[in-house]
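Keeping their order, the protein sequence lines are chains X and B.
Using this note's numbering, read the first sequence as starting at 1 and increasing by one per residue.
Using this note's numbering, read the second sequence as starting at 1 and increasing by one per residue.
Some hints here could point you the wrong way.
Keeping only pairs whose Cα atoms sit at most 20 Å apart, straight-line, the calculated PhoX-like set for lysine-lysine is [to be verified]:
#: 1; chain 1: B; residue 1: K58; chain 2: X; residue 2: K432
#: 2; chain 1: B; residue 1: K245; chain 2: X; residue 2: K239
#: 3; chain 1: X; residue 1: K364; chain 2: X; residue 2: K37
#: 4; chain 1: X; residue 1: K406; chain 2: B; residue 2: K258
#: 5; chain 1: X; residue 1: K339; chain 2: X; residue 2: K308
#: 6; chain 1: B; residue 1: K245; chain 2: B; residue 2: K258
#: 7; chain 1: X; residue 1: K406; chain 2: X; residue 2: K364
Just so you have them, the derived chain B footprint on chain X, three or more residues with Cβ under 8 Å [claimed, not checked]:
#: 8; segment: 18-31
#: 9; segment: 221-228
#: 10; segment: 432-439
#: 11; segment: 454-465
Note that these hints are calculated values from the structure, not bench results.
Glycine is no exception: its CB is placed at the ideal position from the N, C-alpha and C atoms.
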Amino acid sequence: MWEYAPAPENRDIANLKPSYRMYLDGEFVEGGGEPLKTVNPATEEVLAEVSTAAPSDVDRAVKAARRAHERVWGRMPGAERAKYIFRIARMIAERSRELAVLESLDNGKPIKESRDVDVPTASAHFFYHAGWADKLGYAGLGPDPRPLGVAGQVIPWNFPLLMAAWKLAPALACGNTVVLKPAETTPLTALVLAEIIQQAELPPGVVNILPGAGDVGAELVNHPGVDKVAFTGSTDVGKLIQRSLAGSGKKLTLELGGKAANVVFDDAPLDQAVEGIVNGIFFNQGHVCCAGSRLLVQESVADELLDKLRTRVSTLRLGDPLDKNTDVGAINSREQLNKINELVSSGEAEGATRWTSPCPLPDKGFFFAPTVFADVSQAMRIAREEIFGPVLSVLTFRTPDEAVAKANNTPYGLSAGIWTDKGSRILWMANKLRAGVVWANTFNRFDPTAPFGGYQESGFGREGGRTGLEAYLDV
Amino acid sequence: MSERLSVAKTYKLYIGGAFPRSESGRSYQVRDSKSAFLANAAQASRKDVREAVVAARKAFGGWARATAYNRGQVLYRVAELLEGRREQFVTEVAASEGVPLKRAQSIVDGAIDRWVWYAGWTDKIATVLGASNPVAGPYFSFSVPEPTGVVGVLAPQSSSLLGLVSVVAPVIATGNTAVVVGSQDRPLPAITLSEVLATSDVPGGVVNILTGRTAELAPWLASHADVNALDLAGAPESMTAELEKSAANTVKRVLRAKPAEPDWAAAQDISRLRAFLETKTVWHPMGV
């Protein structure tokens with residue numbers, strides 16, 4: 001194995017401040033809630049203190065958003081809205097290095113991922129949607145589709161800035177105003193984004209960002225002044241929100257959990273497939289709703305593929321998220337680490353064969369070594385439940401029909417992968433898999449032009465593309 | 001010579017292409033707008049709902065994968081057969097809805113034309129809603145609409161035929177299968193429609209029609225884990241919140257209804273087609 005000298009990114013670039021305040025009606029203000037301390041999951045040190053919203057703050061923010069919608073944003077010509085959103089895209093790009101370092105500090109993800117994926121894709125989402133603002137009549141949803149009003153948005157901790165972009169960009173382009181709640185453990189980049197939004201001179205109240213825990217999210221989505229709710233997170237919380245909005249008339253979109261099958265056929269280029277499997281499950285420590293967490297491999301190549309996979313996974317470098325050579329960073333929180341440990345124990349107890357990368361673990365921080373379970377059966381919890389960590393469950397199949405049956409044997413339906421050299425088989429599989437995104441001979445690709453979202457209990461509604469606009473228009 | 005006595009029809013349920021009575025053995029009296037007895041209709045039970053969902057699930061794979069052209073022809077064939085039974089439907093609609101003959105005729109004409117309209121959509125909706133995605137990288141990416149699955153449909157309560165057709169046709173046009181609860185007090189046109197479906201080329205199980213008490217049957221549809229979506233068009237307003245709550249347990253897609261029934265004679269848009277479609281995005285690398 002190669003030895004690498006440390007190549008840490010400079011943490012000063014993050015411009016970390018001792019305290020951050022919420023963004024309400026165009027100003028940074030103290031919240032009425034108990035301040036939270038956000039922690040660097042790689043070191044367990046406190047990074048900053050962040051104010052959180054009390055119910056009264058949520059109320060003020062929703063009212064500010066309503067005013068901004070009625071007086072300014074909702075009636076502004078699309079071409080003008082577009083220019084504000086273009087500004088945000090550009091300013092994210094200008095501060096991309098700072099945002100990437102801050103994201104890695106707060107979230108624990110490797111700097112190469114925040115630098116190469118999260119931040120540029122966030123900027124791209126604003127750039128893409130900005131252009132829609134004055135072209136909504138071409139979206140196929142009627143000649144002059146109207147915005148919904150005030151959107152309440154709740155996002156997860158796995159891609160903090162990127163999820164904020166996925167939510168804000170289409171909402172703003174369609175003429176809605178927003179109150180957004182970032183995740184409790186990762187509020188920092190959203191608040192820097194608020195600074196960008198302020199510098200981009202968006203009218204006060206158009207975007208409000210209120211940190212806090214689940215209680216703030218519940219307060220927000222249930223606020224009677226909210227017309228539209230968008231949530232990305234766990235299926236359990238998604239169901240809770242759908243239930244609590246029943247009868248309210250609020251428009252709802254949900255992007256929830258997954259248990260994606262990554263299907264490898266015997267004619268696949270195995271080395272290439274191994275790279276795709278690794279990317280599918282170890283990208284972002286497996287904290288990805290569309291992670292390829294169930295590997296379905298054709299029996300005749302299973303042993304060979306697993307050998308290659310273990311060899312490759314052994315070379316993944318786990319450690320300091322700020323090191324540019326790091327492949328696998330920190331688990332975002334102790335709570336999540338406990339959940340991963342619990343599910344991994346269940347896999348062992350239920351008789352699956354565990355293999356864990358021998359990579360050294362840092363002596364502090366929340367880390368979990370890449371793990372592959374073989375001999376997994378469909379009934380095991382590790383084959384059914386979302387682990388949301390760097391843990392892969394391997395099952396086998398003999399025929400394409402069996403692969404489809406096993407892949408679809410889940411209440412989820414967010415994503416799937418196919419690895420084969422045969423074009424007709426790719427299209428046959430893509431047609432049969434009940435999932436919102438199908439990656440063939442690749443995995444975990446995201447683009448603002450490509451709609452993303454789930455079937456069944458992975459949620460409803462799409463983000464990205466022309467299809468994604470529907471979520472924020474009164475159609 | 002005395003006038004000939006007509007042969008009265010027994011109105012039954014329509015499940016999996018067959019016409020069973022309710023397993024519960026129950027029936028209820030259907031009356032016209034002036035309270036005169038029209039017929040007994042089967043009063044479906046929870047078990048009938050479950051049988052219908054099983055039939056709809058079984059039919060889903062084949063119907064979803066039928067070519068769009070084929071589905072278009074099948075829907076058009078329904079219009080053809082409806083046209084052939086026009087007089088029967090006019091009589092039933094007039095009796096059920098208490099409208100003059102002329103009005104009943106225009107309602108039935110509207111229902112036939114609506115089948116034709118949706119028949120023409122089957123092979124166009126993917127062009128209109130699908131996309132080639134210009135992603136920033138060496139990948140070919142496209143998005144296609146796909147049917148959501150089994151849709152529970154609470155048919156409109158007032159408009160016994162045109163309203164019914166307006167909610168059922170868009171569901172099956174895109175490849176979904178349906179479990180329909182017909183108008184509670186005006187169920188006869190729904191059952192006669194099922195006779196049309198049974199003799200057209202719509203495969204058994206694609207549309208299943210139940211009659212009975214909407215308030216009794218709707219909760220079982222809303223909570224059934226093998227139902228993917230719910231159309232609340234004919235739901236009693238007092239129940240919609242509860243039904244939405246049950247639907248949340250399996251993250252069903254729910255198409256809500258406005259408190260007042262819409263004018264079904266008005267031109268339709270594609271929102272009912274969109275409501276029960278998923279979008280699937282497929283990626284593949286480009287290279288040599």
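List of violated hint numbers, smallest to largest: The structure breaks hints 4, 5, 7, 8, 9; every other hint is satisfied.
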